[in-house]
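Peer 1: Each chain is listed here by its residues.
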Amino acid sequence: DAGVTQSPTHLIKTRGQHVTLRCSPISGHKSVSWYQQVLGQGPQFIFQYYEKEERGRGNFPDRFSARQFPNYSSELNVNALLLGDSALYLCASSFLDRNTEAFFGQGTRLTVV
Amino acid sequence: QQPVQSPQAVILREGEDAVINCSSSKALYSVHWYRQKHGEAPVFLMILLKGGEQKGHEKISASFNEKKQQSSLYLTASQLSYSGTYFCGASTGSGNTGKLIFGQGTTLQVKP
Numbered sequence: 038d039a040g041v042t043q044s045p046t047h048l049i050k051t052r053g054q055h056v057t058l059r060c061s062p063i064s065g066h067k068s069v070s071w072y073q074q075v076l077g078q079g080p081q082f083i084f085q086y087y088e089k090e091e092r093g094r095g096n097f098p099d100r101f102s103a104r105q106f107p108n109y110s111s112e113l114n115v116n117a118l119l120l121g122d123s124a125l126y127l128c129a130s131s132f133l134d135r136n137t138e139a140f141f142g143q144g145t146r147l148t149v150v
Numbered sequence: 629q630q631p632v633q634s635p636q637a638v639i640l641r642e643g644e645d646a647v648i649n650c651s652s653s654k655a656l657y658s659v660h661w662y663r664q665k666h667g668e669a670p671v672f673l674m675i676l677l678k679g680g681e682q683k684g685h686e687k688i689s690a691s692f693n694e695k696k697q698q699s700s701l702y703l704t705a706s707q708l709s710y711s712g713t714y715f716c717g718a719s720t721g722s723g724n725t726g727k728l729i730f731g732q733g734t735t736l737q738v739k740p
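Line order of the protein sequences matches chains D and C. To convert a position in the first sequence, counted from 1, into the working numbering, add 37. To convert a position in the second sequence, counted from 1, into the working numbering, add 628.
Distance windows between CB atoms, simulated:
(1) C/Ser-722 with D/Asn-96: 15 to 25 Å
(2) D/Gly-95 with C/Val-632: 10 to 20 Å
(3) C/Gln-732 with D/Arg-104: 23 to 33 Å
(4) D/Arg-59 with C/Gly-667: 19 to 29 Å
(5) C/Val-671 with D/Gly-77: 17 to 27 Å
(6) D/Ser-44 with C/Ser-691: 37 to 47 Å
(7) D/Val-150 with C/Gly-679: 45 to 55 Å
(8) D/Asn-96 with C/Glu-694: 25 to 35 Å
In silico SDA-like links for lysine to any residue, alpha-carbon gap of 25 Å or less:
(9) D/Lys-67 with C/Glu-668
(10) C/Lys-683 with D/Gln-143
(11) D/Lys-67 with C/Glu-681
(12) D/Lys-67 with C/Gly-684
(13) D/Lys-50 with C/Gly-667
(14) C/Lys-665 with D/Pro-45
(15) C/Lys-695 with C/Gln-732
(16) C/Lys-739 with C/Ala-646
Derived from the structure by calculation, the hints contain no laboratory data. Here a beta-carbon is modelled for each residue, glycine too, at the ideal position from N, C-alpha and C.
Model the full structure from these sequences, guided by the hints.
Peer 2: As structure tokens, this is what we get:
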């Protein structure tokens with residue numbers, strides 16, 4: 038069975054540019070969450086979508102946005118990139134939005150130069 | 629407020645046991661444990677739900693004290709493959725699995 042897949046795996050962008058990260062959840066999973074992980078720290082919650090509706094937003098600026106498509110895949114968009122946006126971006130999917138396991142994809146390593 | 633994990637780091641010999649603790653200042657609905665190896669994604673280990681239900685790997689055990697807002701992960705007879713950074717993720721409020729607040733991590737190194 039395919040796990041959570043993210044693309045691309047690595048990305049280098051210049052300050053001020055825009056980036057789109059993609060996530061395909063495990064088949065049948067309806068909840069997708071995005072996390073940012075800076076080196077040496079735990080993942081930090083950015084967004085959650087369940088059944089194509091935003092269910093939560095973390096403490097991130099409006100430059101960060103996301104959406105979920107009818108097939109439950111998701112995109113994370115970041116505008117006006119800053120050096121501090123360099124991190125591992127993780128996507129996690131779960132079947133339901135509560136009381137169930139969440140599984141992570143391999144992440145997208147974003148480097149802003 | 630993120631959960632606080634202790635210890636921050638631990639070094640073991642193969643076969644030794646370890647306990648990793650996770651403490652929250654907010655009421656916990658569920659606790660999720662993950663292991664992450666360098667350069668890889670976090671791997672799901674266990675979920676502990678309010679009320680006592682647990683789901684996870686057979687060889688991993690954990691406890692969840694709802695009153696004390698604490699959880700502990702027990703690693704027994706450690707193997708080299710147990711090395712990595714362990715994170716606890718806390719779900720508060722209504723138990724939303726999709727919005728986990730993670731601790732800072734505990735680095736475990738198992739030596740031969």
